[in-house]
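Engineer: One line per chain: the protein sequences are V and C, in this order.
Per the numbering used here: the first sequence = residues 1 to 188.
Per the numbering used here: the second sequence = residues 1 to 155.
Some hints could be false.
[To be verified] Calculated lysine to aspartate or glutamate pairs in the EDC-like style (CA-CA distance at most 20 Å, straight line):
id, chain 1, residue 1, chain 2, residue 2
1, C, 115, C, 73
2, V, 129, V, 149
3, C, 113, V, 149
4, C, 115, V, 72
5, C, 115, V, 71
6, C, 115, C, 78
7, C, 68, C, 11
8, V, 74, C, 50
9, C, 113, V, 72
10, C, 2, V, 52
11, C, 2, C, 77
12, V, 74, C, 122
I should point out that these hints are in silico values taken from the structure, not numbers from a laboratory.
Owing to the predicted nature of the structure, the values given are computational and were not obtained by experimental measurement.
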Amino acid sequence: MHVCILRIFATLSALLLAASAFARVAEADADFATVQRVLQHPRCANCHIPGDAPLQFDDSRPHAQHVRRGDDGKGAPGLPCSTCHGQANLPASYGAHVPPGAPNWHLPPAAHRMVFIDAPAAQLCRTLKDSAQNGGKDLAALLEHVRSDALVLWGWNPGQGRAPVPVPHADFVDAFRRWTDAGAPCPG
Amino acid sequence: MKLDINGRSHEIDAPDDMPLLWVLRDLVGLTGTKYGCGMAQCGACTVHVDGQPMRSCVTPASAVAGQKITTIESLSDDASHPVQRAWIELDVVQCGYCQSGQVMAAAALIRAKPKPSDADIDAAMAGNLCRCGTYQRIRAAVHRAAELAREDGHA
């Protein structure tokens, strides 16, 4: 009789543990889905591209003026991004059709493209965590990057005529933190 | 605000957000830099700031206080800069309106890339529009300017 009760307890415990683990995976997947929604918004993905021509605007059209990535991600030699993109968005007095600005305006370098656009969730997740691609960042450095980098923050304050990232920045950082706390599992 | 323009310090009485182009043309009287579009779409207003090309029409003057601003007027004292010599040699200019911007962009290019390919020239100069369509002569002249700079030992 006692053995039977113990077996039932053991089975129930195993089921509860499995359910709990399943719930944790589901939570991490949901948090990564929030991260993915941000990273694949045009404010981020327009420059996280496989090719050498950055995109622009909410419809992700090719950047005007044949703009190129350049080996270092800072534009073609002789036409760096900083030719037109200053340290901050321009005042309203400049009108609606001027280039936006933020510190260190750039794309990923050509050797480490960090492609976000159109990447399936699992691939995006692996790219994000790959320190050989992401500038040598571990999870803590990635979290700090999305929390405080000025160019990342520009996505929530992109200036006239551009949609900001629709997920509030605090919600994004919270989701990112929970995902990294869970061990940064990749979906699938 | 204090601006360093062509090696001289200028005390400028202007709102912080006044475009550098306005300061150059209207307050300092350096009218070689041209107004084309006012939104960084044409390149006519290109100057150098700490040696890098910059569209002065979308640059608040206060953003470049303390940096070295160079305009077409001081690229050289006597039109001897390799880009200026190549431009004259190949008779690049037609109407001329865009050309101070073209020259400043070309000078930035050959400094960054002393031996540019056609593709390098196209990539660097694509932001400088020319309504007269002098693009082929511009490309040839950039090649020639790069040669002259190498001969001069500038690159």
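Engineer: Evaluate each hint against the coordinates.
Structural biologist: Cross-check of the supplied hints:
A distance of roughly 25 Å separates the Cα atoms of residue 115 of chain C and residue 73 of chain C; the hinted pair therefore is violated under the 20 Å criterion. Distance restraint check for residue 129 of chain V and residue 149 of chain V: the Cα-Cα separation of roughly 17 Å lies within the 20 Å cut-off, and the hinted pair is therefore satisfied. Restraint check for residue 113 of chain C and residue 149 of chain V: not satisfied, since their Cα atoms lie roughly 30 Å apart, outside the 20 Å limit. Annotation: proposed proximity of residue 115 of chain C to residue 72 of chain V holds, straight-line Cα distance about 18 Å (limit 20 Å).
Straight-line distance between C-alpha atoms of residue 115 of chain C and residue 71 of chain V comes to about 16 Å, which keeps the hinted pair within the 20 Å bound. About 24 Å separates the Cα atoms of residue 115 of chain C and residue 78 of chain C, which puts this hinted pair outside 20 Å; it is violated. Of the pairs offered as hints, the one joining residue 68 of chain C and residue 11 of chain C holds, with about 14 Å between alpha carbons and a cut-off of 20 Å not exceeded. This hinted pair checks out: residue 74 of chain V and residue 50 of chain C have alpha carbons roughly 16 Å apart, not beyond 20 Å.
Of the pairs offered as hints, the one joining residue 113 of chain C and residue 72 of chain V holds, with about 14 Å between alpha carbons and a cut-off of 20 Å not exceeded. Annotation: proposed proximity of residue 2 of chain C to residue 52 of chain V is violated, straight-line Cα distance about 39 Å (limit 20 Å). For a cut-off of 20 Å, the pair hint linking residue 2 of chain C to residue 77 of chain C is broken: about 23 Å separates their Cα positions. Distance check on the hinted pair: residue 74 of chain V and residue 122 of chain C sit about 17 Å apart at the alpha-carbon level, within 20 Å; holds.
Checked against the numbered hints above, the structure violates hints 1, 3, 6, 10, 11; every other hint is satisfied.
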